[in-house]
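Use these hints to put chain B onto chain A, whose structure you have.
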Amino acid sequence: MNDFTIWDMAQGLLLSARWTVLLSLIAFVGGGLVGGLLLVLRLSAGAKVQAMIRLYSEIFQGTPLLMQLFLGFFGLPMLGIEVSPWLAASVTLTLYTGAYLVDIWRGCVEAIPRGQWQAAASLGMSHGQQLRLVIWPQAMRIATAPTVGFLVQVVKSTALASIIGFTELTKAGSMLTNAVFQPFIIYSMVAALYFAMCFPLTWYSRVLERKQGLALKR
Amino acid sequence: MLSLPPIDWLAPKYLNWMLWGVLETLFLSLLVALAATVFGLLLAALRDSRRRVLSLAALAYQTVFRNTPLLVQLLFWYFGASSLLPAQAVEWLNTPRALTLAAGWTLPWPSFEFIAGLFGLSLYSASFIAEEIRAGIRGVPFGQRQAAAALGLSGWQAMRWVILPQALRIALPPLFGQYMNVVKNTSLTMAIGVVELSYTSRQIETETLKTFQAFGVATLFYIAIIVAIELVLQQLRQGRWAPVGVGRR
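Quick mapping for you: the protein sequence lines, in order, are chains A and B.
Counting in the working numbering, the first sequence runs from 385 upward without gaps.
Counting in the working numbering, the second sequence runs from 3 upward without gaps.
Honestly, I wouldn't trust all of these hints.
Quick list of in silico lysine to any residue cross-link-like pairs, SDA-like style, CA-CA up to 20 angstroms [claimed, not checked]:
no.	chain 1	residue 1	chain 2	residue 2
1	B	K212	B	L222
2	B	K212	B	F223
3	B	K212	A	G464
4	B	K212	A	F458
5	B	K212	A	G459
6	B	K212	B	D10
7	B	K212	A	L463
8	A	K595	A	A504
9	B	K15	B	Q205
10	B	K212	A	V467
11	B	K212	A	P461
12	B	K212	A	M462
Computed footprint of chain B on chain A, listed as stretches where at least three residues anywhere in the stretch have a Cβ under 8 angstroms from a Cβ of chain B [unchecked claim]:
no.	segment
13	448 to 459
14	543 to 549
15	573 to 582
Some chain A residues near chain B, calculated using beta-carbon distances under 7 angstroms [as the list claims (entries may be wrong)]:
no.	residue
16	M462
17	K540
18	T554
19	P567
20	F568
Derived by calculation from the structure, the hints in this document are not laboratory data.
Even glycine gets a Cβ: it sits at the ideal position worked out from N, Cα and C.
Chain A on its own, in the form it takes in the complex (with noise of 0.2 angstroms):
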């Protein structure tokens, strides 16, 4: 029965890693977009489309993200559209990671005092010209730390696309642990494994943290 050898484990295990890694860049590559066009609605259009935004993420952030992988993959369907588990998981981990990232940049422009939006009305920008060209430089320094920092719940995150049948690195060892019975070696590599993408992104953000931290004190 055990023919497999911990380096055969290993192997399979890093290529489905290649699954994990391809659908976190999905989500935050997506999720950063449709972030970005909320945050933008968010501070120019009118106060329903505000409300509304905000709705978006509350739900979205109040709600654990199985519900909405259960309702991407087993509802739509139901509405008589066919999707893969592929499909739901990536349109679904879009849409989660948006709701955090409008909110989380919402946050870094209100840092930024209310007379530096004045000081560029007073130079006759536009609205955009404003947030384009002033605010949004002086929010990314602030943003970039947190936004890194989030990147690391977004691939945790993708560990349940596994639950609605995708095959990344989770299920990969989950199927591997049902062919040769290992399951300590197995999800002690697949943690592992989970770690090597995690940390260096939280050591990064722990980094650009510490350097704003210093540029603020000078």
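Just chain B now, with coordinates in the frame of chain A:
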């Protein structure tokens, strides 16, 4: 054009299942929140210990638990760690039994799934809660320590009576944010077979094929629990219900 299915409510039987799931979710969340807070306080104390070995051990613990997915941790405890336990221990944990209390009341023994879920969730959440508590402690001005020392309080007394009550007040909002995460995270225990809200909603969906009703109602229950926690936080912050020393100025 999308073809919407006709609205068809869940039968009372299924709503009843769902309510049991809600109770299980609440019970599990409460136990996890308690255990993780106690362990989180301990971790925070270790991290700020003057003994380097202790603070490094706590840091290593937090780094590992915060940088791996909760789902993998749960699978690890349920399948991985239990495979290392002696066979008799697993059998003992798996046998259903009841704890007989006085006056004929019995307390059903929790399933092995429940124990593994409680254990894994608590260890994971503690690593986050410890960080919120530490931030709270850092937020108390240094002068408070000096004032406590000037009054002749020992280090431990100063912590217990001066620093911690203020630190907890500062940490209250992020701490409650963590409790909300705990509630949301209990949904993952369905993957190891804990019959909580997500598990029952999945079961109902399989049996009735009423996808939106099953997951929709479950989602609403989660929202209700999160909103309730938010309301408790607001009450606490306004100083109501607060015991003397916590939450009051």
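*Can you name, in rising order, the numbers of the hints this structure does not satisfy?*
Hint check: 8 fails alone, others pass.
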